[in-house]
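Protein chains: 2
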Amino acid sequence: MTSAMILIKLGGSVITDKSQYRKFNREQTARLCKEIAAADRNVMIVHGAGSFGHVLAKKYSLNAGLQDFIQVPAMAQVQHDTRELSLLVTEELMKAGIPAVSVPPGSCFVMENGRLMVNDTEAIRQLAHVGVMPVLFGDVVADRNRGFGICSGDQAMEAIAIIFKPEKIVFVSDVDGLYTADPKKDPDAKLIPEVDASMLDKVDSELTVADVTGGIRGKIEEMLRMCDGSRECVLINGTVPGRLESFLKDEEVVCTRVRP
Amino acid sequence: MTSAMILIKLGGSVITDKSQYRKFNREQTARLCKEIAAADRNVMIVHGAGSFGHVLAKKYSLNAGLQDFIQVPAMAQVQHDTRELSLLVTEELMKAGIPAVSVPPGSCFVMENGRLMVNDTEAIRQLAHVGVMPVLFGDVVADRNRGFGICSGDQAMEAIAIIFKPEKIVFVSDVDGLYTADPKKDPDAKLIPEVDASMLDKVDSELTVADVTGGIRGKIEEMLRMCDGSRECVLINGTVPGRLESFLKDEEVVCTRVRP
Chain A
48 MTSAMILIKL GGSVITDKSQ YRKFNREQTA RLCKEIAAAD RNVMIVHGAG
98 SFGHVLAKKY SLNAGLQDFI QVPAMAQVQH DTRELSLLVT EELMKAGIPA
148 VSVPPGSCFV MENGRLMVND TEAIRQLAHV GVMPVLFGDV VADRNRGFGI
198 CSGDQAMEAI AIIFKPEKIV FVSDVDGLYT ADPKKDPDAK LIPEVDASML
248 DKVDSELTVA DVTGGIRGKI EEMLRMCDGS RECVLINGTV PGRLESFLKD
298 EEVVCTRVRP
Chain B
48 MTSAMILIKL GGSVITDKSQ YRKFNREQTA RLCKEIAAAD RNVMIVHGAG
98 SFGHVLAKKY SLNAGLQDFI QVPAMAQVQH DTRELSLLVT EELMKAGIPA
148 VSVPPGSCFV MENGRLMVND TEAIRQLAHV GVMPVLFGDV VADRNRGFGI
198 CSGDQAMEAI AIIFKPEKIV FVSDVDGLYT ADPKKDPDAK LIPEVDASML
248 DKVDSELTVA DVTGGIRGKI EEMLRMCDGS RECVLINGTV PGRLESFLKD
298 EEVVCTRVRP
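Each protein sequence line maps, in turn, to chains A and B. As numbered in the numbering used here, residues 48 to 307 make up the first sequence, in order. As numbered in the numbering used here, residues 48 to 307 make up the second sequence, in order.
Same shape as in the complex, but just chain A:
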């Protein structure tokens, strides 16, 4: 095991079926956990909420904060569901030989106007210190001003990045990377192996009609924010067996690298 830390986000699109409420992709998650274990690197893992979070959160507009008391039981239900997903993920990590514990952001942090406040991090640091990987995830979190809000998996990533200062950040998603156009609609769409902020502007103008890549554009913007200093951020397809493991072993793989 090398000491340079790699922070891995297992996206909601790879560990769940986003089209079905509370549908866990157990086989794919198990394979990814085994790939991470096999690569034997110093890693931290965060995961998205996928269909354990977004379906109900959207139905009850939880992202808007407290507006009606009908949202309160919905908030509790989403917190329950995301905790359940997290136990399914940590169970697969443990089966792969990685001692891991689910750490719900809503249990240790609050938000302020939608921004996650990363204050007391000692429990998370001490868990890692004793050898149990703290696994954060997308969650509903109490908000000082709005009652509650959504802490996305990417915001949980930022919290872990603040605490552990990883050298690389890997976003594991269900696409090969950023394309010049929607690859599902345009046979001429080309994968962009490397982007920076200036290229993103160019890609954007060519992609105004391709809604499906809006999520990818948002992801790249998020990654650019996290690429402070010398840190490399990579977007990789976790649905392709072996690709994550290859990347972790410093082999050449299909991906989009984001440079600061």
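Honestly, the hints are just simulated from the structure, not real lab data. Check the hints yourself; a few may be wrong.
No copy is singled out in the list; a pair is fine if it fits within one copy or between any two copies.
[To be verified] Derived pair list, reagent style SDA-like, types lysine to any residue, alpha-carbon separation capped at 25 Å: (1) Lys106 x Ala208; (2) Lys105 x Arg78; (3) Lys215 x Ser277; (4) Lys81 x Glu298; (5) Lys81 x Ala121; (6) Lys81 x Met180; (7) Lys231 x Glu241; (8) Lys212 x Val119; (9) Lys105 x Gly178; (10) Lys142 x Phe116.
For this one, chain A is given, so just place chain B on it according to the hints.
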């Protein structure tokens, strides 16, 4: 709903079968949650770990702290199991109409030489403020000096008592209260309806051979510690249908009251 807060501990002996690893008493837990909802009082709930915690914790001597690295995956497994139990409990609370969220002590607190450090409590307070009951439980928690340690359900109770200052504390167990002798062996054993520290000394001398009440004696000692000022602590049998609900409705019930 009256504003005086009542803190309820659902003991591991009522929500689990302590003789079987990871055996949840779903029906009994569901009934107790319904009784709590029906009483409609201002309550907070903490629960024990029962057979989701004690079996493996004992096998791997987790209470002794880190002594061998084989304990690390065991720590992760116990944390997983107690989180799973907690989701089973909060699920029953939600079914009974009480929005609740599992808050693992190991996610937000650390210990110091076995003592739970209750530092940043804002997430717990804000969850309660927005109307979702934070439910703490017995858990394995990182320890600054010992690597990790066991945070008992009773220690989690003390944390909640510090934060929310309840007026009454109810320990829901599987016995009617404290007896003059082991009721399972001695037909003349009498329930003691009210104890204070001086009576405990007297009871103790009469009970030197009754092992089964050792746990109860420890519980009473714990309760005496929590009875600071005017706070009343009660030990009640949760296996008797309706008893908890009656108590919460201020009706006369069989129990042992501990006076400071």
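Please name the hints from earlier in the document that this structure breaks, with their numbers sorted from lowest to highest. 1, 2
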